[in-house]
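Participant: Going down the list, the sequences are from chains H and A. Just so we're aligned: the first sequence equals residues 1 to 70 in this note's numbering. Just so we're aligned: the second sequence equals residues 71 to 466 in this note's numbering.
Treat the hints as calculated values from the structure; they're not laboratory data. These numbers were taken from a predicted model, which means no experiment stands behind them. Some hints could be false.
[What the hints assert, rightly or not] To spell it out: a stretch of chain A is covered by chain H in this simulated footprint if at least three of its residues, at any positions, have a beta carbon under 8 Å from a beta carbon of chain H; those stretches are: (1) 270 to 283; (2) 376 to 387; (3) 434 to 440.
Using N, Cα and C, we set each Cβ at its ideal position, and we do this for glycine too.
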Amino acid sequence: MNDNTRVVSVPGRCQGYASCVITDPDRFDLGPDGRVLILKPVIQAGELGLAEEAIRACPAAALKKELETS
Amino acid sequence: MKHVVIVGASVAGYRAAEGLRAEGFDGEITMIGAEDLLPYDRPPLSKEVLTAEVLPTVDIADPGWYSEHGITLMLGRPATGVDPEAQEILVGETHIRYDELIIATGARPRNPFDALPSGVITLRTLDDALHLRSALGRAQNVAVIGGGFIGLEVASAVRSRGAETTVIEAADIPLGRNLGPEAAHRVGDIARGAGVHLRCGVGVQGFLGETHLSGLQLSDGSVVDCDLAVLGIGAIPNTEWLEGSGLRIERLGLICDANGRAADRIWGVGDVSTWENHAGEPERHEHWTNAHQQAQVVVKNLLDGGHRRIESADYIWSDQFGHRLTIVGNTSLYDQISVHHPKDGSLTVLYARDGFLTGACIVDQPRLAVQCRRWVAQNTSVRQIPEWRGEVLAVS
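Throw the hints in and build the complete structure from the sequences for me.
Facilitator: The structure is reproduced here in structure tokens:
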């Protein structure tokens, strides 16, 4: 059994401000529609700080963490 | 360290509290706010709050977040003084001792008029926004005093509701505080294209109407008819409560060094504060991203005594007339400018100094806006920027 922390976007919230892309560019990008594209949803150990900073940097509160049990 | 007191419960204050907990601080946190409301976001107040059919929530966090994170809230009572020697904050008769103090008391609308008659509104608080939202439901003809971000966003909201609006700007161009003439003229064209009457280079001398507003008297002798007016001509920092504290207060606000320190154990974040920039000059920014970034930097410096500074490029956005306007970095100190204005209505204005990109003004094109934030932060040569094209002008 594995517990994965993932980052997900809240449907309809992203406004394309791209503050997540600036903060954590390996994880986030903007798609052709100007909305967030999550390149790496699973947050590995050691990546949590930066990922959380990116989540907090969103002016639209469009990102959140989720614990996934598999 | 035991007790961090945060004075101010808007985005900068909230981000400081959140950042302290995220960094593992387990001491006491008290947040003092003048308004009797949980921290809320201001950007929507001049946008969705005015236009959405269903009023959107503007709370920054769930109401339960504060108790879950051990934050003591003192709302509805403004702080009235600080004694740095005794390390105490005054809230009326109540003395609160701090180990570290974060000042985040924001700013309030500038108002050069003696009294505002009924029908003239400023826009800063949620209360103001709700008042304006309901007034817009009745207004036929709205005058907007000030062609800055707030003014243009309010004008956009008025147009989307189908009413008439006139924007009166004392300078020759709208957004002149943020943009040079090249970009400002285009932004003005967008507003005009949406049916806004834009009157630049003229001031407002007074208000007309007996019991209710009927018009504005302008400095060129003309009159603008209106049944509602919104005053949006900038903000002044809330520093009066700090007088006599020994802290350095100037017209620009609470003076802080490049790391956010105002004095030993005292920090400033958000609209109330002026930080030393990379050129060693005081600079005040009144934007959401700036408040957020300053809070992040201060929290880390406060916890480990570090000397971090703001490293990322300035970033301002504005949604108006169906377009996203993005301003990155410094758009006022430049010696070369590249203007690209294709037929699709988008706009790219890039600003350079000594051959390096210092700023950008972009209409729509979100991916290019991100790229510009990176280029400016990395001090990129314009030769490496494919978008450096269009009409390139040398500016003396």
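Participant: Which numbered hints does this structure break?
Facilitator: Hint check: 1 fails alone, others pass.
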